[in-house]
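> Okay, here's what each chain looks like letter by letter:
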Amino acid sequence: MERRRKAQKRHHSPSTLIQWRVLDARHQASDKQNLGIGPYVAVVLMVGSLTAFLWIPRHLFEDVNIALLYLLPVLYSAVKWGLRPALLASGLGVMSFDFFFIPPIFSYAVSDVRYLISFAVFLVVAALTASLASSLQQKTREAERREQTTALLLGVSQRLSRVSDVQAIGRILVDHMVETFGVPAAVLLPNQSGQLEIVAESRERPLTRRINPGVLSWVYQHGQVAGYGTKPHPEMLYVPLKSEETVYGVLCLGEYGLSHPFSHEQRATVEAVAGLAAISVARVQAEAQARTAELTAESERLRTALLDSLSHELRTPVTAILGAIDSLQETRPKLTREDQDLLVATIRDSAMRMNRLITNLLGMVRLESGMMRLNRRPCDIADLIGVALAQLGEALEGRPVLVAMPEDTSDLWVDDVLMEQALVNVLSNAVKYSPEGSPVEIHVERLPQAVRFSIRDYGIGIEADEVDKLFEKFYRSPKARRWPGTGLGLAICQGIVAAHGGRVWAAPGAPQGTVIYIELPCAEPAEGGAVQ
Amino acid sequence: MTILVIDDEAHIRRVLKVLLQTQNYHVIEAATGADGLVQTFAAAPDCVLLDIGLPDISGFDVLQSIRRQSSVPVIMLTIREAEQDKVRALDMGADDYVSKPFGARELLARIRVALRHRVHTTPPTVMRIGRLTLDFGRRWIERDGQPVHLTPIEYALLQELATNAGRVLTHQHLLRKVWGPMSEDTDAHYLRIYVGHLRKKIEQDPTRPRLILTEPGVGYRMMAPEDCAEVSDKDSSPSPDP
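So the protein lines, in turn, are chains A and B. One gets my numbering by counting positions in the first sequence from 1 and adding 329 to each. One gets my numbering by counting positions in the second sequence from 1 and adding 19 to each.
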């Protein structure tokens, strides 16, 4: 309360306060049917001309006919202007009828007392007709207004139903207010931290008054309209975007200048539109929540896959290591030398396998978290391949490895450590999924804009329909299930190659085996071959 | 021979201790950088194994403090992906590094090389590395008894690598030694080209080098003669019976 009073003081200088009172009075008056004196003058004229028209051939008419004719202006004015002019018309009609047509003429005196009964009947009929007609007219107008409002709301709701973000809702609301009422408007919605923020404002007609933060938060918290004639007397109309009991935001409307406050009907329309907007905001927010939930579910699924795969891939070597160690510890005297060597080799292999897995996992985490920074240097292609082959070491024992590359392969501008990992991942797959002693081939081709590596094996191969899936995280070919693995190696390879602006793809080898292609652009660095 | 192991992981220290003791080294341990420094100066070890990621002082700072007063060989224990750390440590005076997880053979080879370089300051004039014979007195290189013809730069490069056989040499170090102190980083391109040429002349399979190894992001390493012997033995008789 205190804050609001202060805000009121700050914003409403005495001069504007006086203008308000005037405006308020006009506002109140405009709510009643204030049609001016025009209709009454017209009624007087109508009754007068009817009298003049009937006066000349008065001998041709019976008194009853004349009385009935005097009902015409009553009906007309009731339909046209409502009850009051109609009542005036009936009063004037009775008086004119009495004065000009009932003997003695030109006098209100009545020769026959029965005429008084006629007058009374006439008045009652006129009044009833007038009230019926005017209420009919009012109903027609209301129906028209309702129809207009309904059409308008329907239009707005159709436009609102098509949008999927709150900014667009604000935009539509503002545009609509400008089109319908010709007033500046702004829509405020709470941001992430709960502060109300303008999301849309009419551009062609900006708000002429500053938004009063006190009134704004009051409207937002209480969900009630504030404007002319409400307590804090703000300079604009503040309409909450309210649906059921929730307030989603506030619509601020500048008045029609100071002489044109909103009518109750206009206000009702504004509130109805604001209600529609609130429903739309609620819908959009619910949709956003659903999307988030879907994403969460997706990442949940991935996490579960990762965990399943990880727990298996990590536990297997640990189990092997622990088993081998226990055997060595407890049954050493009974073990032959060969058995002991076998167990030690198992421990070593298992530890190596864990190390590979951890390297891949770290690589994946680095890729996923966007923490992978390329440390590009000019690298010799032969060197890159040599280092990758050296990394594989024992795995390549007994394998003929063919490396074919053109003589003049200029340097590649890559992160050699990462590219080496990419090549190792591809090569270790080539070794893993092909029979012992079968060859592995590496071809390097110089293309106009790129260098293409192709790594070919003569192993189990791939199906044509899984060439794209191979590079997905955790994807494992059904054929490859009997070898251990996480389905991360090629995904990491693709991540690394993509980070270099290159691409990687797979193709079934003919007659058997797999070919993995890696294409790296040989774009020269901006400044010579600078080493970092 | 005394070796100081500075590592905060008790398990790593334990494994290293067992391993090094089998080679008749005397092992002392330090779990923190501060303790490591104290031990370095109090016990005067012949070689220091220093972990880069220590809990109290960073391995780099320990290295710097050691280098201020001592030329004891220091071998850094690093992680594989941190090639910039490796270069930095080498620039700061470390003799070599091994990447975790490392094999016992690799570590022992590094220690042997580091200790040897400490004892012999002048390298031998005639060396045998694998099938290669290098006679620096006569500027004569042979491979399987056949003379190998090298350009002056190739020769200088090979000489620098061979006299430091077993040790990693950074790009910068090689550039300075072979092309002179005025050489710039941009000349690394030439270094790669000359290493390529050299490999074609001395390696059996230049795509799978056995003599001049690339340390990605760091530099090159010539195989130590004794390790080379193992490799060529293995090549000639794939199943050596222990």
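By construction, these hints were calculated from the structure, which means they are not laboratory data. Treat the hints loosely; a few may be bogus.
[Said to hold, decoys possible] With a straight-line cut-off of 30 Å between C-alpha atoms, the simulated BS3-like cross-links for lysine-lysine are:
| id | chain 1 | residue 1 | chain 2 | residue 2 |
| --- | --- | --- | --- | --- |
| 1 | B | K219 | B | K196 |
| 2 | A | K761 | B | K119 |
| 3 | A | K802 | B | K36 |
| 4 | A | K663 | B | K119 |
> Taken at face value, is the distance from the CA of K36 (chain B) to the CA of K802 (chain A) at most 30 Å?
violated, 41 Å
> Straight-line Cα separation of K761 (chain A) and K119 (chain B) no greater than 30 Å?
Holds, because 24 Å separates the two Cα atoms, which is no more than 30 Å.
> Assess, step by step, whether the Cα of K663 (chain A) is no farther than 30 Å from the Cα of K119 (chain B), and give holds or violated.
Roughly 34 Å between the alpha carbons, so the hint for K663 (chain A) and K119 (chain B) is violated.
> Does the structure keep K219 (chain B) and K196 (chain B) at a Cα separation of 30 Å or less?
The given pair, whose Cα atoms are some 22 Å apart, holds under the 30 Å limit.
Of the numbered hints given earlier, the model fails hints 3, 4; all others are met.
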